[in-house]
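Those protein sequence lines, which keep their order, are chains A and B.
Numbered per the working numbering, the first sequence spans residues 1 to 450.
Numbered per the working numbering, the second sequence spans residues 1 to 450.
Please note that the accuracy of each hint is not assured.
You can't tell identical chains apart in this list, so a pair holds if it fits in one copy or across any two.
What the hints assert, rightly or not - Straight-line alpha carbon distances no greater than 20 Å define the calculated EDC-like cross-link-like pairs of lysine to aspartate or glutamate that follow:
no., residue 1, residue 2
1, K310, E392
2, K262, D374
3, K429, D380
4, K305, E379
5, K303, D367
6, K322, D399
7, K429, E58
8, K84, D428
9, K310, D187
10, K429, E329
11, K322, D390
12, K305, D37
13, K310, D380
14, K254, D160
15, K322, D354
16, K254, D157
17, K321, E392
Derived from the structure by calculation, the hints contain no laboratory data.
Small disclaimer: the values here were computed from a predicted structure and weren't measured.
Number of protein chains: 2
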Amino acid sequence: MARNTIVKAEHNAPPITRILAEFIVGHPTNGWNPSVDQEAHRTFANWVGCAIGAAQHETVDAAVAGVMELSPAPQASLLGRGEKVDIANAALINGISSHTFDFDDTHLKTIIHPAGPVASSALALAEHQGLSGRSLIDALIIGIEVSCRVGNAIYPDHYDRGWHITGSTGMLGSAAACSRLLALSVDQTQMALGIAASQPIGLREQFGTMTKPFHPGAAAKAGLMAALLARHGFTSSPRAIEAPRGLLQVFSDKTDWNEITKNLGETWEVGLNTYKPFACGIVNHPSIDGCIQFRNLGIAAEKIKSISLKVHSLVLELCGKKSPKTGLEGKFSVYHSCAVGFIYGEAGEHQYTDAVVQDPQVVQLRDCVQAAVDHSIPEDAAELTLQTIDGETHHIRIDHAIGSLERPLSNAELRAKFIGQAGPVIGDKLAQQAFDRAMTVSEQQGNIAL
Amino acid sequence: MARNTIVKAEHNAPPITRILAEFIVGHPTNGWNPSVDQEAHRTFANWVGCAIGAAQHETVDAAVAGVMELSPAPQASLLGRGEKVDIANAALINGISSHTFDFDDTHLKTIIHPAGPVASSALALAEHQGLSGRSLIDALIIGIEVSCRVGNAIYPDHYDRGWHITGSTGMLGSAAACSRLLALSVDQTQMALGIAASQPIGLREQFGTMTKPFHPGAAAKAGLMAALLARHGFTSSPRAIEAPRGLLQVFSDKTDWNEITKNLGETWEVGLNTYKPFACGIVNHPSIDGCIQFRNLGIAAEKIKSISLKVHSLVLELCGKKSPKTGLEGKFSVYHSCAVGFIYGEAGEHQYTDAVVQDPQVVQLRDCVQAAVDHSIPEDAAELTLQTIDGETHHIRIDHAIGSLERPLSNAELRAKFIGQAGPVIGDKLAQQAFDRAMTVSEQQGNIAL
């Protein structure tokens with residue numbers, strides 16, 4: 001084959017690595033408006049709930065067992081579990097746990113799940129070093145800013161070629177957050193970003209396996225280790241992110257530097273973060289939302305003759321399973337998702353168990369759901385028509401599903417989601433306390449408690 | 001920009017991940033001819049010498065200091081140092097150390113330095129588990145086979161696009177070696193390869209910084225962790241290496257599956273491994289070789305009027321520094337390299353110190369060296385003409401430099417290289433003992449000592 005030199009060779013990229021390092025170190029604490037700070041607290045609380053919610057899952061059990069072979073020092077807590085491990089492996093495990101149910105936050109512009117790689121390392125480090133909740137939230141906002149801006153620069157090409165963008169940008173966000181928490185100098189932070197740049201994590205091929213949630217965890221760990229090495233003088237290329245053979249040009253054909261540099265420190269990507277109300281693929285959400293609204297009309301399930309959906313083509317492409325048999329298959333069935341939305345009024349992890357998927361009442365309603373593609377309907381919309389056996393007809397159009405940027409979860413809804421996840425693991429009382437502490441974590445002076 | 005789906009989408013690739021897992025688990029111990037086994041011992045010994053040689057370097061100091069922040073359990077030794085750390089971080093540090101002086105082994109077909117990622121994790125694991133030297137060498141051969149065959153499948157496209165192929169294939173070799181040492185099942189080994197596949201390490205942009213040697217170390221650690229997780233039931237895609245969104249199609253346009261599957265278990269890549277005799281870029285080696293041969297003619301340095309080189313264009317492109325000031329710059333100067341070759345009869349790490357680069361005698365001879373590109377001369381050749389102030393002319397043509405496949409280092413030369421590196425760190429006596437033990441490591445029954 002012909003030998004080409006490199007994919008791209010753009011030599012005049014701005015000094016992105018340096019610009020980000022100066023931003024990470026220099027931006028003032030709480031240097032954004034209150035709504036951004038509030039969104040960061042919501043992001044943090046949602047992440048904690050997801051991590052506790054999956055803490056006893058076999059995915060997390062397997063990862064913890066592997067880590068225990070290293071006899072790690074008990075430096076930091078595993079959310080929802082009793083063990084403590086070293087900070088690097090706490091970042092790994094909490095990152096895995098938080099993404100296990102695919103229920104964490106989403107930066108819709110890039111499909112990055114930004115909290116996992118950043119919060120996992122930041123919390124481990126903050127706990128171990130006795131840092132304040134304020135510095136934790138600062139680090140979270142700044143780390144998310146770095147990974148999401150890098151994501152904006154390379155999305156969609158980078159994602160389309162097969163990278164799981166959460167892990168392949170997340171190590172930079174983690175390095176940023178940890179550099180900030182460790183109070184590294186600008187030079188050291190630049191090196192930390194460079195060390196992290198050599199460790200992109202994650203292939204989309206892993207979707208459906210435990211290695212998918214491994215990606216944010218491994219990214220968190222890689223970024224933390226990068227910051228620890230840089231703290232002790234370890235060096236990397238000062239242009240590791242932007243050089244012709246640096247990260248972005250190596251793994252994406254699209255490299256829009258402006259997405260990284262424009263209004264840096266003035267606009268905030270965490271403000272664009274969203275939280276899934278339902279524990280399944282986001283394409284199902286408008287249809288579930290509509291079914292919950294039907295339920296709220298007071299219609300009884302046994303009165304339903306049919307529920308007809310008009311949806312975007314992706315819904316049936318990704319979630320078209322007519323007769324799911326397992327909980328996992330239920331997540332890929334818009335029919336099951338609609339049925340549980342109507343019967344339970346929610347579609348959390350508990351509505352995607354094998355038992356619920358096989359429940360005769362659920363199966364009966366599921367079989368009444370029909371879906372057709374309508375090319376006039378956008379991805380985040382759906383039209384639903386319900387007919388009763390008595391001849392009534394109800395029609396709902398969802399333009400933006402609950403949980404979207406246009407219809408964000410309220411704090412009360414976020415709280416209910418949190419308790420729905422964490423309650424079965426640590427009990428409702430501790431779950432309520434953990435949510436309240438997470439939502440006000442920046443008020444804690446040190447030795448953060450959840 | 002137009003949204004394409006993925007770079008390639010070859011759906012009919014052979015089941016590479018499974019094929020490799022079956023090979024890793026099933027190939028019999030010492031199942032190759034004695035020359036292959038001998039080459040593996042030479043590879044191991046050379047790697048040990050390199051790791052001890054750089055053990056006190058500031059690169060390794062910085063990495064150890066970073067790792068010590070985790071308070072690691074003392075599970076495995078750091079070569080040439082007193083500390084013990086957990087096996088994952090021992091793999092990291094020994095891998096960094098072994099590549100710090102760029103003096104380790106080279107698989108010339110791919111420019112992979114295969115020992116670093118594989119030996120670093122295998123030795124840590126073998127030490128901690130009290131395994132035999134035989135199983136260590138088996139794992140080394142099999143791990144190198146995996147990473148080099150994967151390298152053959154994607155080289156040169158993958159390297160040309162900017163990946164440091166040692167780290168970006170090495171995590172698979174490490175996972176293979178560790179899966180073998182842990183006696184994982186075929187299914188578990190397939191999962192370990194899959195987990196490792198999500199963690200390719202290394203950008204060529206890092207060359208010249210500490211993050212270059214970080215790559216083999218991080219690859220060793222990633223592969224070891226992948227095997228530990230798989231041992232406890234962690235899952236990954238069973239087609240993580242070959243699927244359309246698997247590793248090879250995501251990060252290379254060239255994916256020649258045949259390079260992985262053909263004659264697997266019958267031919268051995270470790271048999272193609274080479275060892276640098278000189279501590280600088282391989283393009284300088286033919287010229288240094290020629291200058292040592294001039295020295296061996298008994299010519300005195302002060303009698304030299306000129307040494308004229310005819311070389312491949314890469315020599316001046318990569319190593320054309322006329323007036324280096326530091327030891328590191330000296331490595332990128334064919335002029336300095338020739339001068340020390342003549343004066344010292346060697347070009348080890350000690351000939352690339354600031355002091356030697358600035359030594360007036362070296363500078364004087366360096367200034368007598370001239371180099372010109374000759375397009376008829378291949379990469380591994382050089383023509384040298386020496387003229388004395390008395391009017392004598394000597395001419396040498398080097399077709400293959402010492403250390404190449406055609407003129408491999410003898411065991412005695414390998415021993416001299418080892419002691420030249422390890423002696424200053426642990427003393428000549430222990431260095432000699434370590435070399436002898438490394439060269440016969442497969443005879444050790446357990447609790448491997450070097």
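Between copies, within a copy, both or neither: which fits K310 and E392 at Cα up to 20 Å?
-> within (19 Å within a copy, 92 Å between copies)
Given a CA cutoff of 20 Å, do K262 and D374 count as a within-copy pair, a between-copy pair, both, or neither?
-> neither (38 Å within a copy, 49 Å between copies)
Which holds for K310 with D187 at a C-alpha limit of 20 Å: within a copy, between copies, both or neither?
-> neither (54 Å within a copy, 42 Å between copies)
For K305 vs E379, is the C-alpha pair at or below 20 Å within one copy, between two copies, both, or neither?
-> neither (26 Å within a copy, 78 Å between copies)
When no copy is named, should K84 and D428 be tagged within, between, both, or neither for a Cα gap of at most 20 Å?
-> neither (23 Å within a copy, 44 Å between copies)
Copy assignment of K429 with E329, given that the CA separation must stay at most 20 Å = neither (32 Å within a copy, 64 Å between copies)
Give the relationship of K254 and D157 under a CA distance limit of 20 Å: within one copy only, between copies only, both, or neither.
-> For K254 and D157, the Cα distance is within 20 Å both inside one copy (6 Å) and across copies (19 Å).
Up to 20 Å between alpha-carbons, please classify K322 paired with D354: within, between, both or neither.
-> The answer is within: 15 Å in one copy meets 20 Å, while 72 Å across copies does not.
Intra- versus inter-copy proximity for E58 and K429 (alpha-carbon distance at most 20 Å) = Intra 25 Å, inter 51 Å, cutoff 20 Å: neither.
First find the shortest C-alpha distance between K321 and E392 inside one copy, then the shortest across copies, and answer within, between, both or neither for a cut-off of 20 Å.
-> neither (28 Å within a copy, 86 Å between copies)
Intra- versus inter-copy proximity for D399 and K322 (alpha-carbon distance at most 20 Å) = neither (24 Å within a copy, 69 Å between copies)
Between K429 and D380, at a C-alpha cutoff of 20 Å, which is it: within one copy, between copies, both, or neither?
-> Neither: 35 Å inside a chain and 72 Å across chains, both beyond 20 Å.
Hint check: violations occur at hints 2, 3, 4, 6, 7, 8, 9, 10, 11, 12, 17; the rest are consistent with the structure.
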